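Residue numbers (this note's numbering), protein chains in the order written: chain A, 1 to 366; chain B, 1001 to 1385.
The set of hints was computed from the structure by calculation and includes no laboratory data.
As the structure is a prediction and not an experimental result, all values here were calculated from the model.
There could be a bad hint or two in this list.
Pairs of lysine-lysine, DSS-like flavour, derived with a Cα cap of 30 angstroms [what the hints assert, rightly or not]:
| no. | chain 1 | residue 1 | chain 2 | residue 2 |
| --- | --- | --- | --- | --- |
| 1 | A | K80 | B | K1103 |
| 2 | A | K250 | A | K150 |
| 3 | A | K80 | A | K213 |
| 4 | A | K193 | A | K150 |
| 5 | A | K176 | A | K110 |
| 6 | B | K1114 | A | K213 |
| 7 | A | K176 | A | K150 |
| 8 | B | K1103 | A | K213 |
| 9 | A | K176 | A | K135 |
Coverage of chain A stretches by chain B, computed from C-beta distances (three or more under 8 angstroms per stretch; other residues unrestricted) [to be verified]:
| no. | segment |
| --- | --- |
| 10 | 67-75 |
| 11 | 115-125 |
Think of the CB as a built atom: it goes at the ideal place given N, C-alpha and C, for glycine as much as any other residue.
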Amino acid sequence: MRSQRILVAMSGGVDSSVAAALLVQQGYDVVGATMKTFCYSGGEAHSKTCCGLDGITDARRVSDALGIPHYVFDVEEDFKRDVIDDFVSEYARGRTPNPCVRCNSNTKFKDLMERGRLLGCDGIASGHYVRIDHKDASAPALYRGVDTSKDQSYFLWGLPIEMLPRLHFPLGDLTKPQVREQARELGLVTADKPESQEICFVPTGDYRDLLEKRLETRHPALEPGLIVTRDGEVLGEHTGYANFTIGQRKGLGGGFGQPLYVIEIRADSREVIVGPAQECASQGVEIGEVNWLATPPPEHSPIRVQIRYRATAVPATLHSTEGRVILAFDEVQRAVTPGQSAVFYQGERVLGGGRIERALVSSNAC
Amino acid sequence: MSPIYLDHAATTPVRAEVRDGMIAILDGDFGNPSSAHSWGRRAAARLEEARERVAKAIGADRSEIYFVRGGTESDNMAILGHAEAVRRVGGTPFAAVSVIEHKAVLSAAAEVGKRGGRWSTVPVYADGTLDMDALDTALAEGASIVSVMTVNNEVGIHLPIEAVGELTRVHGAVFHTDAVQGLGKVPISVDGLPIDLLSLTGHKIYGAKGTGVLFVRRGVDIAPLIFGGAQERALRPGTEDVAGAVGMSIAVDLAVQEQESEADRIRRLRDLLQSRLEEGIAGLRVHGDVPNRAPHILNVGIPNVDPEVLLAGLDLEGIATSTGSACDSGAQTASHVLEALYGRLEGVAALRFSPGHSTTEDDVIRVAEATLRVLELTRSVEAQA
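Excised from the complex, chain A in its bound form (with noise of 0.2 angstroms):
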C-alpha cells in the first residue's frame, strides 16, 4: 500500500520545517508548498526581496534537504480579496480585524486543500502549535497546543469543519524549544530564524502606511477627529481613528488626572470615546460569522471564551445560536473589542468561534 500524501504549508520558517520533517519521519509521503499570498514590493526599494522570495528560498532549501518535493502555489489574488481588502474596510469602520484568522479560515487552508487533492494528497498539514484528535475519524476535534504560550487555536476557529478530518498538526504537543531543538538536530537552516511576529503583509508593523495606500484619499477613518468622553466633553483631537484600538491607552496624551482608555470608536461621526477603566468594562459580546468546529452546546450552556489572542478563555454563557451568538461573561470583561475573533473553547477543547461584532454594556456599568 501507498503511504499517506501530505501537503504541508511551509512558510519557510521553523515551525513549518519541523512540521514537514516530523510527517517524513512518521513516513508520509510529504509534499511542501508554500502560498506566495502577496507581494511587498510596493516601491522601488523592495524590487530585490519581492514576495517574501526570502521565505521561499529557505521553504526550498529545507525542502531539498528533507528529500521532498516543494512548490510554490500563488493565491496572491485570492489573499487580496480574501484577507488585506478586509483588513482595510474594517479598520475603515472603526473595527481592529484579525487578518490571520482570515487567512486562515478563507485563503491558505483552503487553496492547500485544494491544490493537494488535485495533486493526489490524502491530507494537509501545517505548523500551527494546536492538536488535532482523529479519534472519532469523523468529527475530529482540534485542541489547543500542549505548549500554552504558542498556542494558536485562536487563530483556527475559522477553519470549514469539513477540513477537519483531512488536517495533520505534527507540532500540537510539542513546545516552541522542542521545536527549535528538533530543528537544530536536523540541522536545518531554519532552526535559529527569529520568530515572525508582525502582519505578514504589514512587514514595518506600521498598518497606517497600508491604510493610506489602500483607502481613497482622505478616507474619513483617516481624517482628523474627535476625542471624547461619554457624556460628550471633548478632550482633544486624534489624526483618524484607524489609528485606534478598544481598550488602547497610548496615543491620547495625558494630563486628564486619571488614565483613560479607548472604550468606542464611533466611525460614522469620526469619534473616539475615550474613559476610565470601568467604563471600557462590556458584560457581554455578541458575536457574528459564528463558525462550529463541534455540535454547538444547547442554550444556556456554559462556556469559555477567549476575546483576544494573549487573554485566557473566561467562562460565560451562551445565549443565543441563532446566526448570531450572545455571550454573558460570568464577570465583566474589558476591551470586548469589534472586528477580533472570539473562540469557544470546552478545556483545552475548540468548538467554534466568531468574529465580535459589538461589546454588551448594560446601564449600571458605567
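Based on the hints, put chain B in the right spot on chain A.
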C-alpha cells in the same frame, strides 16, 4: 521510473568535452593571463585559443569576441554599453526591442529609458512575424539600437534577424541579437550578416553557468559598464575566467558543428510529443506553431487547469518541464511573451517542453503519457468536487 529532464531551454547539463576542457585549466593552466611568467603565458594562450574557437564557429574575427559572465551580462553590455557610447558623443540613446525579448533585454532597454534615453517595443504577432513597419517607424524616430532575439525562449519563434538587421543598417542604427536560445538550434553566423552585437550563453548549450560571449563587430562602439584593468580590451575587466572561456568555446564549437543533425533529431522528438499531446488533450493549442519555428521548444496551452498544479503534478511524476521561462522563486507568473502573442490566457496552463541531447523517443512518449495521467487526475478530482 527514472526521471526525465525536458527543460533544456531553462538550462542544460555540462557535456563531457566542456567539463574536461575546464578541468584541464582548473587543474593545470590556472595562471593569470596577465602574468609575465610561464603560467601566465600558458593561461593567456588557452584564453586566446578559446577566443579563436568561438570566432571561427560563428564566423567572426577573434578580436570581436568578448568573454563575459553569461547571457544577461552580455545583453546588458550590448544595450547599456551602446547607450553609454551614444551619450558620450552627445546623442540620445533609443533602444527599440521586440516585445517578446527575454527580460535581460527588456529590462536593459527600460533602463536606457530611465537613464534619460528612450525605448520602445516592436510587436511580434501570433503568426511569428515581426512588425517591420513598426520597426521602421521606430528607426525613423531615431532608434539608435535595435535588439531582436534570434529564437524566442518561451515559444521558439525564429525571428527574421537578417531582415531586421538590414533595415536597421539602412537607418544607420546598431543591431543586437540575443542568440542565447538560437545557437545550436538554428544556423548562426555573423559572417556577411548585418549583425553588430550578438549575445551567447554557455549554459543553454551544455556549457557552464556564468559563461558567455558578446560579439562586437569591429567599428561598433560600446562603452564598458564596469571598470578595472584592461582585460577583454577593458570592455569586461576583471581577471579572466579562463576555464569558463575554454568551456564556453568548446560548447559553442560543438553546438555549431552538431547543429544540423541535432536540430533534425530534436525536431522529430518535439513533433512526436506534440502529436501525442494533440491526440490526447482536447482543446490543446500549440503556441509558436509558425513556419519559422526553432526545433527544440514545444509550448502548449491546456485549457481548464491550474498551471502550477500541472507543473507540480508532472514533477511528482519525475518530469521536469516549465511554464514560460523559469523564474527566480519557483513561482510562476504570467508570461509577457504569451500575452503579447495571444492576449491574456485565462484558465489556460502554458507548458514548455524542451528536449535536448539526452532525450530519447521513449522519453517523450512517457512524458506525453504522464501529462495525460496528471490531467486526468486533476479533472477527476474536479469532477468529484
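Now the hints, each set against the structure:
1. Distance restraint check for A/K80 and B/K1103: the Cα-Cα separation of roughly 27 angstroms lies within the 30 angstroms cut-off, and the hinted pair is therefore satisfied.
2. Note on A/K250 and A/K150: the hinted pairing holds, with a Cα-Cα distance of about 26 angstroms set against a maximum of 30 angstroms.
3. Proximity of A/K80 to A/K213 is assessed by CA-CA distance (about 13 angstroms); at most 30 angstroms being required, the pair is judged to hold.
4. Restraint check: the Cα-Cα separation between A/K193 and A/K150 comes to about 16 angstroms, which is no more than 30 angstroms; the hinted pair holds.
5. This hinted pair checks out: A/K176 and A/K110 have alpha carbons roughly 26 angstroms apart, not beyond 30 angstroms.
6. Pair hint B/K1114 plus A/K213 holds up; C-alpha atoms about 25 angstroms apart against a cutoff of 30 angstroms.
7. For a cut-off of 30 angstroms, the pair hint linking A/K176 to A/K150 stands: about 7 angstroms separates their Cα positions.
8. Restraint check: the Cα-Cα separation between B/K1103 and A/K213 comes to about 29 angstroms, which is no more than 30 angstroms; the hinted pair holds.
9. Of the pairs offered as hints, the one joining A/K176 and A/K135 holds, with about 25 angstroms between alpha carbons and a cut-off of 30 angstroms not exceeded.
10. Evaluation of the coverage hint for the segment 67-75 of chain A: fulfilled, as 6 residues show C-beta separations to chain B shorter than 8 angstroms, against a requirement of three.
11. Beta-carbon proximity to chain B at under 8 angstroms applies to 5 residues in the segment 115-125 of chain A; the threshold of 3 is reached and the given coverage holds.
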